[in-house]
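Participant: Note that the protein sequences, when read in sequence, are chains X and U. If you're matching positions, the first sequence starts at 1 in UniProt numbering and goes up one per residue. If you're matching positions, the second sequence starts at 1 in UniProt numbering and goes up one per residue.
Please note: incorrect hints may appear among the correct ones.
[What the hints assert, rightly or not] Below, computed lysine to aspartate or glutamate pairings styled on EDC-like, alpha-carbon distance capped at 16 Å: (1) X:Lys165 / U:Asp209; (2) U:Lys113 / X:Glu192; (3) U:Lys6 / X:Glu133; (4) X:Lys40 / U:Glu63; (5) X:Lys152 / X:Glu169; (6) U:Lys139 / U:Glu164; (7) X:Lys152 / X:Glu192; (8) U:Lys5 / X:Glu135; (9) X:Lys16 / U:Glu2; (10) U:Lys5 / X:Glu34; (11) U:Lys84 / U:Glu164.
[Claimed, not checked] A few chain U residues facing chain X, derived, Cβ under 7 Å: (12) Glu63; (13) Tyr64; (14) Phe65; (15) His132; (16) Val169; (17) Glu171; (18) Lys172.
[What the hints assert, rightly or not] Derived DEER-like restraints, expressed as beta-carbon distance ranges: (19) X:Lys134 / U:Gln116: 33 to 39 Å; (20) U:Lys5 / X:Leu142: 40 to 46 Å; (21) U:Ser91 / X:Ile194: 34 to 40 Å; (22) X:Glu151 / U:Ser155: 45 to 51 Å; (23) X:Lys134 / U:Tyr18: 22 to 28 Å.
By construction, these hints were calculated from the structure, which means they are not laboratory data. Here the structure is a predicted model, which means the values were calculated and not measured. Glycine is no exception: its CB is placed at the ideal position from the N, C-alpha and C atoms.
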Amino acid sequence: MNRKIFIIHSSEIIRKGINAILRSYFNAEIIMLEKTEELKAFCELKGQEIVIIGENITATKINNYKLLQTNNEVKWIDFINEKEDRDEPLPFCKFYITTQTGAVQLQKMVSRCLNKTRKQTQNNESEELSVREKEVLKLVALGHSNKVIAEKLFISIHTVISHRKNITEKTGIKSISGLTVYAILNNLIDTENINPEDLI
Amino acid sequence: MEIFKKNDKLYHIIDHNYHLLPVLNRFGINLGFRDKTVEEICLEHNINTGFFMAIVNTYHNEEYFPRNELLTFSPLEIISYLRKTHSYYFSYTIPKLDDLLNRLIASSPSDFKGLQMVDVFYKKYKKELRQHIDHEEEKVFPYVINLVKTQQPDSEYTIRNFEEEHSNVEEKLNDLKHLLIKYITPDYDENICNDFLITLSLFEKDLEDHARIEDKILMPLTIEIENKLLK
């Protein structure tokens with residue numbers, strides 16, 4: 001899952017200051033915006049962990065970004081400008097900060113926003129294909145359809161599809177011709193009798 | 001990451017992201033612009049500043065996508081930009097990749113199968129890309145231009161008839177990168193290979209941006225025009 005931190009504040013020194021505090025601490029892309037409205041341009045984001053540090057967040061402001069919140073894991077941190085009177089942070093904000101907040105405190109807050117949703121997406125399995133996957137890959141490279149592969153290996157089409165998904169995840173290669181090159185490089189196909197150019 | 005503004009000096013933008021250099025050329029802007037701001041330069045070159053900023057910012061950051069703003073631009077403006085990127089690919093990027101790959105293969109002392117496979121793969125990819133771009137140049141763009149100029153709906157087609165997936169073209173480029181980085185052990189000139197991979201990666205990013213403008217701006221804009229005309 002990708003992570004993003006938005007810093008939205010009208011003051012440039014505050015934006016850059018917060019950026020400097022967070023930049024070296026988190027492995028996340030930091031985006032600085034001047035106005036909340038500029039967030040609209042990011043409504044296409046999907047499946048990301050997002051922390052938004054915004055200046056004087058209000059319920060109406062947040063309601064404009066429903067799509068962003070549905071498609072992503074969004075946490076808000078309210079930046080309260082001192083002069084404005086507000087006794088408590090808004091209920092939907094996880095934390096609030098002011099100019100009095102220390103750098104370490106802020107880092108802790110952001111880290112708590114991110115840690116809760118942290119998932120181990122990185123699988124540490126080796127990319128080595130199983131014997132069955134190699135058999136499937138070989139048949140894919142030879143240009144057979146899922147149906148034919150299923151018949152040849154006496155497995156269901158559903159199983160073939162799931163093997164193919166695993167092969168692509170392990171190798172990082174999606175296209176059939178790309179997989180064919182991989183199969184040839186790994187000697188899964190005997191190129192003595194077949195011209196590889198016909199396959200790729 | 002920051003969003004550039006029209007008051008920014010163009011020098012500042014390029015200094016920040018030199019990958020934007022070819023984008024400037026597509027707008028006909030040459031270097032040597034001193035301390036002028038984007039707005040000043042756009043005025044001089046008769047370029048729609050809003051459009052220029054939108055293209056620069058979407059290119060600079062792949063997450064930035066001001067849909068509503070982009071939908072206000074003219075399809076003709078967008079097509080003119082897309083055509084320039086096409087010609088950039090075929091007059092510069094692809095010949096450069098061809099050259100680098102040829103040199104890479106020549107640098108390998110053994111008759112290594114891996115690079116030959118990559119070469120076959122690359123050539124097939126290039127053919128597909130050519131077909132894809134020809135289809136846009138010969139079918140899609142003329143259709144849209146005609147629609148805008150005549151303000152008459154076509155009796156036979158709508159833009160949906162021409163729609164083609166971009167994913168295939170992008171997928172293969174990514175596979176090519178994977179194959180070289182992960183599965184081919186070098187007995188070739190490393191510097192040439194680095195050049196090839198860097199050019200490839202930049203090309204991949206450019207294509208993504210290009211596809212995004214086509215699929216998410218030009219398509220919906222055209223559909224909107226069609227709907228209006230058919231009413």
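Participant: Quick check: which numbered hints come out false for this structure?
Facilitator: Hints 1, 3, 5, 7, 8, 11, 15, 16, 19, 20 and 23 contradicted; others consistent.
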